[in-house]
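Chemist: Here is what each chain is made of, one letter per residue.
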Amino acid sequence: MTRTPLRPLARILRARETGEDPNHIEQENLRLRRQELRDTGRVRAELRLLVLALLFMSGFVLLSARMGLLAATEPVALRVGLVEGISDSRSDITDRNGRVLATNLATHALYAETRRMVDPQRAARELGRIFPEMDADRLAARFTDPDRSFVWVRTRLSPEQKQAVHDIGEPGLLFGPRKMRVYPNGRVGAHILGGARFGEQGVRAAELLGVAGAELYFEDRLRDPARADQPLRLSVDLPLQATITEVLTGGVSVLNARGASAVLMDAQTGEVLSLVSLPDFDPNDRPAPLTEGEPADSPLFNRAVQGYYELGSVMKAFTVAQALEEGEVTPDTIIDTRGPLRWGRFTINDFRDYGNEMSVTSVMVKSSNIGTARMAQNIGAERQQEFLRRFGLLDRMYIELSEAQRARPLLPDPWSELSAMTISYGHGMTTSPLALAAGYAALVNGGRLVTPTLLRQNSVPDGAQVISPQTSAQMRQILHSVVYEGTASFARIPGYPVGGKTGSADKPDVNGGYKEDAVLATFASVFPSDDPKYVLVVTLDEAVDTTGPEPRRTAGWTAVPMAGEIIRRVAPLLGLRPVALQEVEARLQADSRVP
Amino acid sequence: MRSLLYLLTALAVIGLASWAYRENHLTQQAMNTRAALEREIARLEEEISMQRVEWAYLNRPDRLRALVDVNFDALQLVPLTADHFGEIDEIAYPAPEARFEIGQGVVVLGELEQLTGDLPATSEEDQP
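Residue numbers (the working numbering), protein chains in the order written: chain E, 1 to 595; chain Y, 1001 to 1128.
The following block holds chain E by itself, in its conformation from the complex:
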């Protein structure tokens, strides 16, 4: 900055010439300089004031914003947050109507701080008395071990046990609060729920983790702290599940079966209302997985979801549906059923000789292997494969259970013409009962694909159209005829017309070939048969009916009576009104007539 001199020589000389006082000039300049200084100082001070004001402003804005935020937040109920970094929250699981299937119960774990123990020997002795399964000597050894200061004694205590431990009066025995998972309904729904275990343990809390089933599949949802107090609502209906379990358990013991499964599904939405697999287990006390033998024999094995079997004649429905859909046949087309049907060195036989020719409906009603094999020959392997893929039968079946992700169907490779012929009546490819139920739902509901789900749905999902409504109507008529004219007469329930197809598949032998006298009996049914709302698939593993003079193993004598009893009990619970058979048959006739 250039400083202007107070007495500029030029002006002073000029002033002297004109006779003015040069001091005036100095004073004038001094005044100007002071004024300038004052102005800059003022601007600076104003700036400071402004900055300060802004600072205070923002402070107040911050404060008032915080106050507003505090005032505006909704009061939240206590969230059980993290204790020692461990979240022990896990939301409940309920059935479709809100009945509790799984919930948490407060309990206590027992641990010992050995440094604070007064008489470890006596404490161990007393604990051994309270818990007979514990070894008092080993406990005493752990309590007196100088390297240990902390010993877990038990993960859960009942209130009585807690009181008994309390009564020992040992200051070193301490209780840690815990939540434990309880399944109040015991074995009912065991395979759906799975089970839970403790994860990471702290003194004041322990993680609850799912081990199988929906508990494991929905792990993140159930442990989400934001949704801890909203129960997970499944599509399952507890009374139906209990009823079907009861009927099936009775059936298994009467028919001496190795196992059984049942799937009840809504034919429109794909909601699984009940899923039973026997033998079952108590999820409160989940058994250990088998270490030897076949895992499929374990009660933990979910036959309806993990069990992929050659299901036999129930698969004929898909062959017939494809033949109808592609215009190869109509329900009244006559098929050549002369047997045995030879293909290379293989022969295909029927259970009985049904004559030289039959209509397509009769092929289903009598369950002729030759008839469906002929239809499959006409269709060809490639188109058959494509058709079954549309129904999702060639892929892993999706359902919200952890087990479903590990099981997939066994398919022939290559898919030869012979494979196509055997697959047409359900041999040579495996299907799970759940996938079968979803397939039948699509066959009869007007031809829309359904995805099985365990979550309650509020609307009908938009499934792809896999067959035409016309074919679907014809299939309803055919399935109805199977029950009222054919192999499934035990499913004629008064008031509730049923349609369905039986399947009695020889079980494959581990050493190759098929076993003698070991049959997997399946009945895939739909009801009411004119406008099916529900699909029920019942399978029985090696069931034998011994009431007759000779043992009977076919599904008509085992799975069908079981399914019939289930429908008789379950249909009224589903709110279905009984209807007269004539009415239903008239409607079926009208629907399946070619327009």
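Please keep in mind that the hints were generated in silico from the structure rather than gathered at the bench. Keep in mind that this is a model prediction, so the values were computed, not measured.
Label pairs and their computed distance ranges (CB to CB):
1) Y:Glu1090 x E:Pro239: 23 to 33 Å
2) E:Gly575 x Y:Leu1044: 35 to 45 Å
3) Y:Leu1016 x E:Leu30: 42 to 52 Å
4) Y:Met1001 x E:Pro5: 38 to 48 Å
All residues carry an ideal CB built from backbone N, CA and C; glycine is no exception.
Based on the hints, put chain Y in the right spot on chain E.
Modeler: Relative to the frame of chain E, chain Y by itself:
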């Protein structure tokens, strides 16, 4: 004038300070109450969950079925089947003699003077 301003400012500062002190205490008190309430809520929720478990456990289908079987003589409960449904015509129209008849008149409590208008009629006249 200026000293009055100083005095007022000083008074205001003292007033605000004591107000802030009071608010601080109230806040702490409220927080303590909140903590106590939260503890109580947690306790009650635990109790509710216990009751819910107990309710679910006592109403489990197996137990209900066993109870129904045990008490069959008294309850006569059987599974719902198709023949339990009926048409509306199957229900008999209520017979006229099933009507409620007032024999001894009605005891009216309260003061009669307060009643105005028509007294409620008994159904005696309507009887066939």
